[in-house]
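Protein chains: 2
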Amino acid sequence: MPDLPKSIRINEEGPREGFQIEKGPISTARKIELIDSLSLTGLKHIQCVSFVNPKNVPGWADAEEVSQGFKKHPGVSYTCLWLNDKGLMRAIATKRYDIRGSISLTASEKFLKRNQNRTLKENYTAQGGMIRLFKENGINIDRASMMAAFGCNFEGDMPTERILGMVAQVFELAAEHDLEIKVLSLADTMAWATPATIKRIVGAVRNKHPDVELALHLHDTRGMGIANAYAGLEMGVAIYDAAVAGLGGCPFAAHKSAAGNVCTEDLVFMCEEMGIDTGVDLRKLIETAILAEDIVGHPLPGSVKGGGNLAVLREQIRAAQAA
Amino acid sequence: MPDLPKSIRINEEGPREGFQIEKGPISTARKIELIDSLSLTGLKHIQCVSFVNPKNVPGWADAEEVSQGFKKHPGVSYTCLWLNDKGLMRAIATKRYDIRGSISLTASEKFLKRNQNRTLKENYTAQGGMIRLFKENGINIDRASMMAAFGCNFEGDMPTERILGMVAQVFELAAEHDLEIKVLSLADTMAWATPATIKRIVGAVRNKHPDVELALHLHDTRGMGIANAYAGLEMGVAIYDAAVAGLGGCPFAAHKSAAGNVCTEDLVFMCEEMGIDTGVDLRKLIETAILAEDIVGHPLPGSVKGGGNLAVLREQIRAAQAA
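As you go down the protein sequences, you meet chains R and H in turn.
Under my numbering, the first residue of the first sequence carries the number 1212, and numbering increases by one thereafter.
Under my numbering, the first residue of the second sequence carries the number 1212, and numbering increases by one thereafter.
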C-alpha cells in the first residue's frame, strides 16, 4: 500500500470556473447562494469570482456584486482570480478577499498565445511586472503555478526536461525578486494526463525541488480526473483544486467537451473512504452539488451526487439491522 | 513506478448490460448494428445478449433474434449471459456463442436474495447443479466470479476475511467437481470500491491464491471506475469487464443512478496512453461509442468520446508543424 497523505486541502473553484463558462445568464443572487452554501460544507478555500474583461467573459460582469454579496464564514479563505493589473486592482478594491500573489507560467507557448496572447518571454516579463505590483500593494507572494504541465492540445506531450526547465524559471524569477515559493501548482489544463504522466512529472519535480509543496489542478475532459488525483495522492500530493459537481471548464481549450476540474464531492468521497481527511462534510457538499445543478439548469458531471454517499448507506444498514 | 501489466484483455459487456437497462424499446436491427461495430474495433471478447426471463427483462425478449443477426468476426469470442438452466439451454440452442462455464457466488446474501431470490446456501447448491449441467453439455468450466466483493448497499462493507472465506468456497466447490479455476472475477456490483478497497481485496485474494488469474468488474456509480481500474493495474490485474460508452447498469441496485461498468473507451485510452496494450483501435471504438449514444437516444457517461483521442490530436499537431 502506498504512503497516502493523512489529509488533503481542497481549493474549491466551482463558482469561479463554473459561472465563467455557463451559457445562460445566471443571476447574481444565485451565484451568491452557491458560495454561501459552499461556505457551510467545511471547505476552507473557496475561489469565488474572476475579475476579467466582461467583454470576453460576460458571466463575470457582476464579479463586484457577487463579491459584496456572499456571507463570510469564519475559518474560510475566500479568493478570486485575475489575469492582469486591472483585474488585481478590482479584486483589491472589493476588500473581500485573501489576495495571494502567485507567479503563473505556462509550459506551452502556443496555448499561452491563444489564452493570453503572450509569448513565453512576454509572459516571463509580465510576471515580473505582476510581482512588482503585488509588492507595491503589500501582497505576499509564495505560490506559483504551471499551466499545461502535462500536455497541450496545440503542442502535444510535455517532456519531463521541459517541465523541469520551466519550473527552474519559476524559481529563477522568484530569486530575482527575493521570493520564497512554498507551493507549486501543476495544472493539467487540457486534460492530457494519465496516472503515469502524473507520476512522471510530479516525481521529477519533487525530486528536483523537495522543499516546495506540490498542488494539482486536474481537468476531467477525458475522464481521468479522479484516477489522476489518486496517482497524485500516491505521490504524496496533498493540495487539489476541484469544482463542486464538476462545474466549469476552459473556454479556450478548442474542443466542445472541455469538462471542468475534477469534481469536489467525488474527490472528497474517494479520500474520506480511504481514510484521508478532507475536513469536508460530504452530505452538505452533495446538497451543494445538487444546488449547483439547479442553478445552472442542466446536469453536471459529478457522480457521487447521484450515486450516493456510502456513509449514509452505512447508517441506513445499521438502522435496519438494529430494527 | 508500479509494475503495470504489459497488456490487458477487455471483456466488452456494453450490448448485454446496456440493452438490459434501457427504458425505450430498441430495435433488434440496432442492437445487431452495435455488436457488428464492436466486432471491428479489435475487442476480442464481446458479451452480446442475456438469456433471461423476458417478463423481468423485456429489453432482451429478442435475444435469439439478435444472436442470429450479428456477423461473426474472425478472432472474436462472442459470449452471452444466463442465470439458470433454462437460459443456458437457450444460449446453447443458438449455436452462436463460446459457452464458457463459470461458478458464480455472491458475497452478500441480502443482495443475492434481492437479485436472484436465493440464500447463500441455496446458491451454493444451485451452482453445483449448474456445474453438472455444464458437464452434461460438454462445457468447460474454468472461471468463477464473486459479486458484491467490495461492498453491498444492503450489507455494507466487506471484511477481507469474509471475501477470502467466500473465495475458499469457490475453490471447494471446484474441487468437489474436479474443476480447475483459472480466472476469478471480483465484481464491484454496487460501486463500493475505492482504489484502497481494490488493493486490499485484490491483494488478499492474490496472496492466498497466487495461481488464479484475477479479473475485475467495476461499476462507475460513484465515479471511481477508472481510478479503481488503475488500482487494479497497479496490482497486476490484466482482465477487465467494460462497457462501450459506459452503457448499462444494474436494475437491482436500489438507486436511480446505478451507472454501468467502467467505460471501455476511457479504459482503453488510459491503458494505451500508459503504454499498456489493449489490442483495440481507439478511433473505431470512439465511433462505436458515438453510435451507442445514437442507438439509445440519450447521452452516455463515457468521457473520451467527447473529450477526444490524444493520438488524433498528436497527428494534427505533427501535420500543423510539418505544414
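Hints in this document: simulated from the structure, not taken from any laboratory.
Check each hint, because a few of them may be wrong.
Which copy is meant is left open, so a pair is good if it fits within one copy or across any two.
[Unchecked claim] Here are the simulated lysine to aspartate or glutamate pairs, EDC-like style, with alpha carbons at most 20 Å apart:
#1 1410 with 1483
#2 1282 with 1309
#3 1410 with 1214
#4 1217 with 1320
#5 1306 with 1347
#6 1282 with 1296
Bear in mind the structure is a predicted one, so any value in this text is a computation, not a measurement.
Right, here's what the structure says about each hint:
1. With identical chains, the CA atoms of residue 1410 and residue 1483 are at most 20 Å apart between copies only, with a shortest distance of 16 Å across copies and 22 Å within one.
2. Within a single copy, residue 1282 and residue 1309 get their C-alpha atoms as close as 14 Å, which meets the 20 Å cut-off; across copies the closest is 64 Å, which misses it.
3. In this assembly of identical chains, the alpha carbons of residue 1410 and residue 1214 lie at most 20 Å apart whether taken from the same copy (14 Å) or from different copies (13 Å).
4. For the homomeric pair residue 1217 and residue 1320, neither the shortest alpha-carbon distance inside one copy (37 Å) nor that between copies (34 Å) is at most 20 Å.
5. For a Cα distance limit of 20 Å, the shortest separation of residue 1306 from residue 1347 inside one copy, 16 Å, qualifies, whereas the shortest one across copies, 81 Å, does not.
6. In this homomeric assembly, residue 1282 and residue 1296 never come within 20 Å of each other (Cα to Cα): the closest approach is 26 Å inside a single copy and 64 Å across copies.
The structure fails hints 4 and 6 (numbered hints given earlier, in ascending order).
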